[in-house]
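*Asks:* Could you build the full structure based on these sequences and the hints that come with them?
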Amino acid sequence: MSDQIQFVVEKLNQEPFRKNYNLITFDSLESVQLLQLLNDVLGEIDPKHAVDIREELPEQTAKRMLSLLGILKYKPPGSISDLSAFRQGLVTGSKPVIHPVLHWLLQRTNELKKRAYLARFLVKVEVPAEFLQDDTVADVNKQYEELMEAFKNLHKECEQLKTSGLSAAEIRRDISAMEEEKDQLIKRVERLKKRVETVQNHPRMLEIARQLRLEKEREESLAQQKQEQKNQLFHAEQRLQRAQLQLKEMHHAVVDSKPESLMKKLEEEINFNSYLVTEKIPKELESKKNSAYFLQKVVAEPAMSQSDLSVLEIKINEVNAQMNQLIEKRMMKYEPIDSKFSMYRQQASIISRKKEAKAEELQAAKEEMSSTERQMLQKTSQAHELEGSEVLEGDEFKHYVNKLRSKNTFYKKKRLEIAEITAEYGILQRTEELLKQRHEAIQQQLQAIEEKKGISGYSYTQEELERVSAVKSEMDEMKGRTLDNMSEMVKKLNAMVAEKKASLAPVIKELRQLRQKCQELTQECDEKKVQYDSCAAGLESNRSTLEQEVKGLLEECVQEESNYHYINCMKRNLEIQLERAKEEMKTYVSPDPQERRKALREQYTRMILEQENLGKKLREKQKVVRESHGPNMKQIKMWQDFEQLMECKRECFLKQQNQTAIGQVIQEGGKDRLVL
Numbered sequence: 001m002s003d004q005i006q007f008v009v010e011k012l013n014q015e016p017f018r019k020n021y022n023l024i025t026f027d028s029l030e031s032v033q034l035l036q037l038l039n040d041v042l043g044e045i046d047p048k049h050a051v052d053i054r055e056e057l058p059e060q061t062a063k064r065m066l067s068l069l070g071i072l073k074y075k076p077p078g079s080i081s082d083l084s085a086f087r088q089g090l091v092t093g094s095k096p097v098i099h100p101v102l103h104w105l106l107q108r109t110n111e112l113k114k115r116a117y118l119a120r121f122l123v124k125v126e127v128p129a130e131f132l133q134d135d136t137v138a139d140v141n142k143q144y145e146e147l148m149e150a151f152k153n154l155h156k157e158c159e160q161l162k163t164s165g166l167s168a169a170e171i172r173r174d175i176s177a178m179e180e181e182k183d184q185l186i187k188r189v190e191r192l193k194k195r196v197e198t199v200q201n202h203p204r205m206l207e208i209a210r211q212l213r214l215e216k217e218r219e220e221s222l223a224q225q226k227q228e229q230k231n232q233l234f235h236a237e238q239r240l241q242r243a244q245l246q247l248k249e250m251h252h253a254v255v256d257s258k259p260e261s262l263m264k265k266l267e268e269e270i271n272f273n274s275y276l277v278t279e280k281i282p283k284e285l286e287s288k289k290n291s292a293y294f295l296q297k298v299v300a301e302p303a304m305s306q307s308d309l310s311v312l313e314i315k316i317n318e319v320n321a322q323m324n325q326l327i328e329k330r331m332m333k334y335e336p337i338d339s340k341f342s343m344y345r346q347q348a349s350i351i352s353r354k355k356e357a358k359a360e361e362l363q364a365a366k367e368e369m370s371s372t373e374r375q376m377l378q379k380t381s382q383a384h385e386l387e388g389s390e391v392l393e394g395d396e397f398k399h400y401v402n403k404l405r406s407k408n409t410f411y412k413k414k415r416l417e418i419a420e421i422t423a424e425y426g427i428l429q430r431t432e433e434l435l436k437q438r439h440e441a442i443q444q445q446l447q448a449i450e451e452k453k454g455i456s457g458y459s460y461t462q463e464e465l466e467r468v469s470a471v472k473s474e475m476d477e478m479k480g481r482t483l484d485n486m487s488e489m490v491k492k493l494n495a496m497v498a499e500k501k502a503s504l505a506p507v508i509k510e511l512r513q514l515r516q517k518c519q520e521l522t523q524e525c526d527e528k529k530v531q532y533d534s535c536a537a538g539l540e541s542n543r544s545t546l547e548q549e550v551k552g553l554l555e556e557c558v559q560e561e562s563n564y565h566y567i568n569c570m571k572r573n574l575e576i577q578l579e580r581a582k583e584e585m586k587t588y589v590s591p592d593p594q595e596r597r598k599a600l601r602e603q604y605t606r607m608i609l610e611q612e613n614l615g616k617k618l619r620e621k622q623k624v625v626r627e628s629h630g631p632n633m634k635q636i637k638m639w640q641d642f643e644q645l646m647e648c649k650r651e652c653f654l655k656q657q658n659q660t661a662i663g664q665v666i667q668e669g670g671k672d673r674l675v676l
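Quick note on UniProt numbering: the sequence shown kicks off at 1 and runs consecutively.
I should point out that these hints are in silico values taken from the structure, not numbers from a laboratory.
Any given hint could turn out to be false.
Stated by the list, open to error - Here are the simulated DSS-like cross-link-like pairs (lysine-lysine), alpha carbons at most 27 Å apart as the crow flies:
| # | residue 1 | residue 2 |
| --- | --- | --- |
| 1 | Lys-152 | Lys-162 |
| 2 | Lys-152 | Lys-124 |
| 3 | Lys-152 | Lys-142 |
| 4 | Lys-517 | Lys-500 |
| 5 | Lys-289 | Lys-358 |
| 6 | Lys-75 | Lys-315 |
| 7 | Lys-436 | Lys-492 |
| 8 | Lys-280 | Lys-366 |
| 9 | Lys-152 | Lys-95 |
| 10 | Lys-491 | Lys-517 |
| 11 | Lys-379 | Lys-289 |
All values derive from a computational prediction rather than experimental measurement.
*Replies:* And the structure:
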């Protein structure tokens, strides 16, 4: 569930929503905000639903969302009996209902946009049968169905053209480029013809050029055939190597094994193959056939409307109610013997599941082994192809491994000696540092004593005097030194070194013992660490399995709690309905006629009678209208003809008046002339 919420938050923060949510703010959204968010997502899929839910009633919002989800073929999680809880959760804006819907919508937004677009044209409008009796309505409905089929075909062709990767612009560009290239080739051929016509024996040379071209094409085909033959030879060599390897493995298996082990191995393989053939593969085949049958059935069915879906939902609810009744009857007839059988059945189902899991693991291991063998063959062939390289096999490989082991032991021995020498060098360095520190401490004590006695610097002055006198004596006696003095000094130095070695020998011996003990302890620590790692890995695997079991139990607990609350809500609704039914029965049985009129049955009966009377009046009115339709149309036609006739008379009268007025004007003009 947390992964779903994380996915929903990431999608809502992207285009085109850009909500800028995090897990805390998204989880703290109220029911109205969640419904508005769901409506925004639906509006992105279908623009008709981009409305504000505060401007419409909750029932209208739920009905609109349910209709669109039905068109998009959303299936709520859980059984079909939870549909009423799903509708109620959608009305109230429940998080366990809204979150899966958002996850499903955001997971396939482009696909759902396409489905919503097609639904506007492919969801069939249901026309009642009594209206289809009219010829005009029937013709329009038939034309509507034909247009729907034509739209389906055109949409399929459009999708095929989109997926084909071809566009009209690209085709036009290709055609224009090919035409330009064709024109260039024609011009080039004409130029070459003009150039060749001046050469002697040009027909023979053209024939020779044609033969040369044919020979080159033949050479290319032969080279291609040669390459194919090489590839076939390579594959044949690989098959031969694989067969030789299998033969060698069979020889090793025959040499190293006994007849009993071979028989046991064959029996195991036969049992496994028989299990695959008799149990596993038939089940998988049957499940595939069932799924294919259901898919074909769904494809063969026509597009379903909302009324068909509602009818199917009613049938499903009835079947679920019958199933619940049968389960309750079976639980009422429960016997203790069935509990033992159920326990055995449960154990048998667990064993069968484990068997199927082990069979799948064995199949996967066999596939992995075959892939490893193929890789080994490829590596072997690659090693053979390398120049000057050989693949060691059998005794040669064992001899090579033994040689490497001996070299490894010699290397470890020398490395140990180097480590001992390095340790001794470190000890000597440490001794030198200690002596220097002791000398410095003695010098500091001497200086402190001199300061205390009031002769500070005495030792330094004495050292300087001794040094100067020593230098002077050395300079005086440098020429008088002899070889005996030098040999005596060497002897003293050797004696001092031997003395130091003798004093350090027991310490070094003890240090070697401690180093050996440290190595043993280090080896023991590595072994214990390996044991600890293996034990920790086992405990970690047990912990992971226990965590998975706990997680499954927690989810089951949450599911059971939700079922419990749902059952309580249903129980409360049924109690309210029962109380309303009791009140209705009480008012219906009441002797008081005023109280009886308040009953819903009486009210609905009166409403039904009023509607029936209204329907009778409307049918009578329709009958009268149909009977008087023909005469009325004739009367309308007569009035239209009469209106045209009167209009014609008015025009004639106006023309006549105009003519009389013109005649009077002419007469008056003649009289005036006579008077003059």
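*Asks:* Look at each hint and say if it fits the structure.
*Replies:* Okay, the hints, checked on the actual structure:
A distance of roughly 15 Å separates the Cα atoms of Lys-152 and Lys-162; the hinted pair therefore holds under the 27 Å criterion. Taking the CA atoms of Lys-152 and Lys-124, the gap is about 13 Å. The hint holds against a cut of 27 Å. Taking the CA atoms of Lys-152 and Lys-142, the gap is near 16 Å; set against the 27 Å cutoff, the hint holds. Note on Lys-517 and Lys-500: the hinted pairing holds, with a Cα-Cα distance of about 26 Å set against a maximum of 27 Å.
Taken as a hint, the Lys-289 and Lys-358 pair is honoured in the structure, with Cα atoms around 24 Å apart against an allowance of 27 Å. Proposed proximity of Lys-75 and Lys-315 is supported: the alpha carbons are some 17 Å apart, at most 27 Å. A hinted pair counts as satisfied when its Cα atoms are at most 27 Å apart, and Lys-436 with Lys-492 qualifies at roughly 22 Å. Our distance criterion of 27 Å between C-alpha atoms is met by Lys-280 and Lys-366, whose separation comes to about 16 Å.
Proposed proximity of Lys-152 and Lys-95 is contradicted: the alpha carbons are some 38 Å apart, above 27 Å. Among the hinted pairs, Lys-491 with Lys-517 is inconsistent with the structure: their alpha-carbon atoms are about 39 Å apart, more than 27 Å. For the hint linking Lys-379 to Lys-289, the alpha-carbon distance of about 42 Å lies beyond 27 Å, and the restraint is violated.
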